[in-house]
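2 protein chains.
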Amino acid sequence: MSAEQQYLMLPGPTPVPASVLRALATPMVNHRGPEFKALLEEVTEGVKGVYKTRNQVVIFPAAGTGAMEAAVVNFISPGERVLAVSIGVFGDRFASIAERFGARVERLSFPWGQAADAEAVRERLQADRRHEIRAILVTHNETSTGVVNDIRAIRAAAADHPALFMVDAVSGLGAMDLQTDAWQLDVVVSGSQKAFMLPPGLAFVAVSSRAMEASRACTNPRYYWDLQSALNYLGKGQTPYTPALSLYYGLRESLRLIDAEGIDGVIARHARYRSMVRAGVKAMGLQLLASDEVASAALTAVVAPPGLGANRIRKALRDRFDVVVAGGQQALDDVIFRIGHLGYVRDLDLLAVLAALEMVLAGLGQEVKLGAGVTAAQRVLMNEEGR
Amino acid sequence: MSAEQQYLMLPGPTPVPASVLRALATPMVNHRGPEFKALLEEVTEGVKGVYKTRNQVVIFPAAGTGAMEAAVVNFISPGERVLAVSIGVFGDRFASIAERFGARVERLSFPWGQAADAEAVRERLQADRRHEIRAILVTHNETSTGVVNDIRAIRAAAADHPALFMVDAVSGLGAMDLQTDAWQLDVVVSGSQKAFMLPPGLAFVAVSSRAMEASRACTNPRYYWDLQSALNYLGKGQTPYTPALSLYYGLRESLRLIDAEGIDGVIARHARYRSMVRAGVKAMGLQLLASDEVASAALTAVVAPPGLGANRIRKALRDRFDVVVAGGQQALDDVIFRIGHLGYVRDLDLLAVLAALEMVLAGLGQEVKLGAGVTAAQRVLMNEEGR
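Line by line, the protein sequences give chains A and B. Adding 40 to a residue's 1-based position in the first sequence gives its number in the numbering used here. Adding 40 to a residue's 1-based position in the second sequence gives its number in the numbering used here.
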């Protein structure tokens, strides 16, 4: 079967709705003209809605990692102390970028598969009586483990410590609640290829006025990622250099879809996916990496049964049923596989994928009752609908 | 009329062929899977063909300015001396990026509308007996003035000076000859929204092994733009972070179109556009900013008649005929307008645009013989075809 018919169950890139794909094919316009100005202003407002913010939002032509780099180089100067809270690969990446640009990074790491402990953050920040820590880096949804951090609690733990609170919400924004303004998040980065239901290539940065104030003193050099320059141009309906126009067209359409459903409806839908997939996988007798309390609504990390490598399961899913799931990263390679349920996914897709997983496990000699996982997920779905 | 029906005569974004627009709408695949590996390898080879190089080529999800920043941060350390040859806005931008990242930039600037003098470059480099200059920055096609530099002659003038030779070919590559290997160009950057006939959002960097060797000693911090990391991932058919997949699909299609025509056919076509537009504009009695010897094949900068602002002409072209041309930048604002003829343009489009310009000028009270410009361009076209 061709790649066009795959079940793409990744934590990004995620499936793109047909109307968004069609929007990508819109002809070009002048990026210094009135059509683009209207488009830029419309999508910027729409992205703010997803962020639940009135802060400024800048859109870069970049991958999500670019927005993480922008967060570092605009706000953290070489030699400054940074507290990097990490629960996996992407928490480590945020810390690594800060280190690369000269920050003195102190890592507060938690075991993979667990969430960050807000109390530990509180203790560390309370011990920082001289306020040497200038920024706190936290991951919203940790894509490598399928764990979501309680950003609200961690932000509350930071209390009135003056460090900038910076959140990597690349894979979590839109899939799980994140309230930029209500929770007082200074810098929140995200990307297009996750809950925004777009192809990769746009990166978003929401920034508080307090953070922009702090950026003036930041000595890290920046040109492409210069937020002040981007905001200056945004004020006249432009970007400092050529924007990724096609993806803006797609973004306009995907924001319309999100708006029609309502952002809280989108978040509820992802919560339902989480319940369905977890119930289904548990009913097959498989272990989940994350406990229910901290489980991501964007993806589910499944531990392969003893003696059966996760990559063998992935290969069978792909070869037999064109179901594409992600593998484990670094120490979790071949230990877990990750089912993405993020963005443009349908309930029945999840039932189909669970059915495929049952057949693959049975084919690999596991004791699995065919239909057990599907039925468990169906029950979740029917209960939800009964509400 | 809707924006979809515009004559988009800009030096970028340029019109995108329908088959490329359709390719953008291809569904997503796993960027860590076999389909993307094959795609990445195919388009990287294709881009090398346009560059006329066997050097390594890296594709970033970024605007062309990002590739310029990548050229700076991978090869130029803070405090190092750089010779920036500038003939306009984009030459200045390359110099500014190098300055922003700590280089001691010496500008060798030439009046706007003129090309760089290779002899002046030779003299400056010969005077640098201690080889303190570590990099030479040169613009191929200067988009702000419609002037093309003789890269071959300037490179020859640098002779055996060990400085890295770095070329901003964002708007020129594919429209005018550029021989990366034959001319021994160390670093050549380009972008998707010009002669590649794609939307903006991909940036290219071709890099010699000598330059990659030098990059190991470069102390500028880099993460997103790290070429060594990109090359390591490229070796296994991947990218360090999520690639802009849709634009890769488009690139595969646009490379097929370029391959069908042949890169030298594409370049000859652009040379014909230059001749047609210049002949047409001259026949209307207008002045051109650049002389014939240094005129760009990608765009033509036209000086507005005395007493008639260039922006008034632009507005009339747009309002009456949906012809979108670019204005002048900085000191040339309202002095010139720039007709892009780059990428997916047809001969008859140029005749139509010249006809519109005649009517607009007449409407604004200029003495213009209707049909004079069109006829002059027709003659060029017929002569070319007679060959």
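Just so you know, not all the hints are guaranteed correct.
Identical copies look the same in the list; a pair holds intra-copy or inter-copy alike.
[To be verified] Below, a list of computed lysine to aspartate or glutamate pairs in the EDC-like style, where the Cα atoms sit at most 20 Å apart:
#: 1; residue 1: 276; residue 2: 387
#: 2; residue 1: 355; residue 2: 266
#: 3; residue 1: 276; residue 2: 373
#: 4; residue 1: 355; residue 2: 221
#: 5; residue 1: 77; residue 2: 359
#: 6; residue 1: 88; residue 2: 299
#: 7; residue 1: 77; residue 2: 362
#: 8; residue 1: 88; residue 2: 146
#: 9; residue 1: 322; residue 2: 190
#: 10; residue 1: 88; residue 2: 172
#: 11; residue 1: 322; residue 2: 139
#: 12; residue 1: 355; residue 2: 75
#: 13; residue 1: 355; residue 2: 374
#: 14; residue 1: 276; residue 2: 374
#: 15; residue 1: 409; residue 2: 301
#: 16; residue 1: 322; residue 2: 299
#: 17; residue 1: 409; residue 2: 81
#: 18; residue 1: 276; residue 2: 266
#: 19; residue 1: 355; residue 2: 82
#: 20; residue 1: 92; residue 2: 82
#: 21; residue 1: 92; residue 2: 81
Since the hints were made in silico from the structure, they are not lab data.
> Which numbered hints does this structure break?
Replying inline: Violated hints: 1, 2, 4, 8, 9, 10, 11, 15, 16, 17, 19; rest satisfied.
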